[in-house]
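Novice: Read top to bottom, the protein sequences are chains A and B. Counted the way my numbering counts, the first sequence spans residues 16 to 126. Counted the way my numbering counts, the second sequence spans residues 61 to 170.
Some hints could be false.
[Said to hold, decoys possible] The calculated lysine-lysine pairs, modelled on DSS-like cross-linking and capped at a C-alpha distance of 27 Å, are:
id, chain 1, residue 1, chain 2, residue 2
1, A, K123, A, K52
2, A, K113, A, K65
3, A, K70, A, K113
4, B, K69, A, K113
5, A, K83, A, K70
6, A, K41, A, K113
7, B, K117, A, K41
8, A, K113, B, K131
9, B, K117, A, K65
10, B, K131, B, K69
11, A, K52, B, K69
12, A, K113, B, K117
13, B, K131, A, K70
Everything labelled a hint here was simulated from the structure, so no lab data went into it.
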Amino acid sequence: QQPVQSPQAVILREGEDAVINCSSSKALYSVHWYRQKHGEAPVFLMILLKGGEQKGHEKISASFNEKKQQSSLYLTASQLSYSGTYFCGTALTGGGNKLTFGTGTQLKVEL
Amino acid sequence: NAGVTQTPKFQVLKTGQSMTLQCAQDMNHNSMYWYRQDPGMGLRLIYYSASEGTTDKGEVPNGYNVSRLNKREFSLRLESAAPSQTSVYFCASSGAYEQYFGPGTRLTVT
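Let the sequences and hints guide you as you build the complete structure.
Specialist: Here's what the structure looks like:
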């Protein structure tokens, strides 16, 4: 079952902050975050694992609440380059990284 | 390193025609994946391969077949294309965590 992302879309002015949420109805092993710019392939941002381990880009911040099966991606001091569609992908088990992706959150950063 | 490559980039098929989408990676990854992306639907997993010689169905496998030819290559075949298979297809590979995506194939079935 697909995780639910919110909001579906958000518009920011450069320098503003945003939070993107991802929620699942099932117990999760890991949550993955990707960003996709228009006409391009998705690019990895971060993985959050059960037990608290995180791996990803230094400038990206995220949290994973295992009990609530929820994850949030924090975008601070947004830049024009942050624009794109953000997807969370969830894995129920470890190994192989078989992911179920949400439908995405469209983020637009304006001057 | 080229990363993940896909061919072709664009394809137009008529209903009932068949074709194979090719994918190759040069990162020595064990796992490879095929996704389709439709507007408003996000990325949906068609098939994946955890290692050479193994394949498994994802969320939307009907109408597709795959072959993990070797560790580098993972192909997706449409035996009898249908308009519902019009989509953008992405191949990906992964090591321990991060999935690397190819540039995609935009397929239109008329």
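Novice: Hint by hint, say whether it matches the structure.
Specialist: Hints, one by one, checked against the model:
no. : hint             : result
1   : A/K123 to A/K52  : holds (11 Å)
2   : A/K113 to A/K65  : holds (15 Å)
3   : A/K70 to A/K113  : holds (17 Å)
4   : B/K69 to A/K113  : holds (25 Å)
5   : A/K83 to A/K70   : holds (21 Å)
6   : A/K41 to A/K113  : holds (15 Å)
7   : B/K117 to A/K41  : holds (20 Å)
8   : A/K113 to B/K131 : holds (18 Å)
9   : B/K117 to A/K65  : holds (25 Å)
10  : B/K131 to B/K69  : holds (22 Å)
11  : A/K52 to B/K69   : holds (17 Å)
12  : A/K113 to B/K117 : holds (10 Å)
13  : B/K131 to A/K70  : holds (25 Å)
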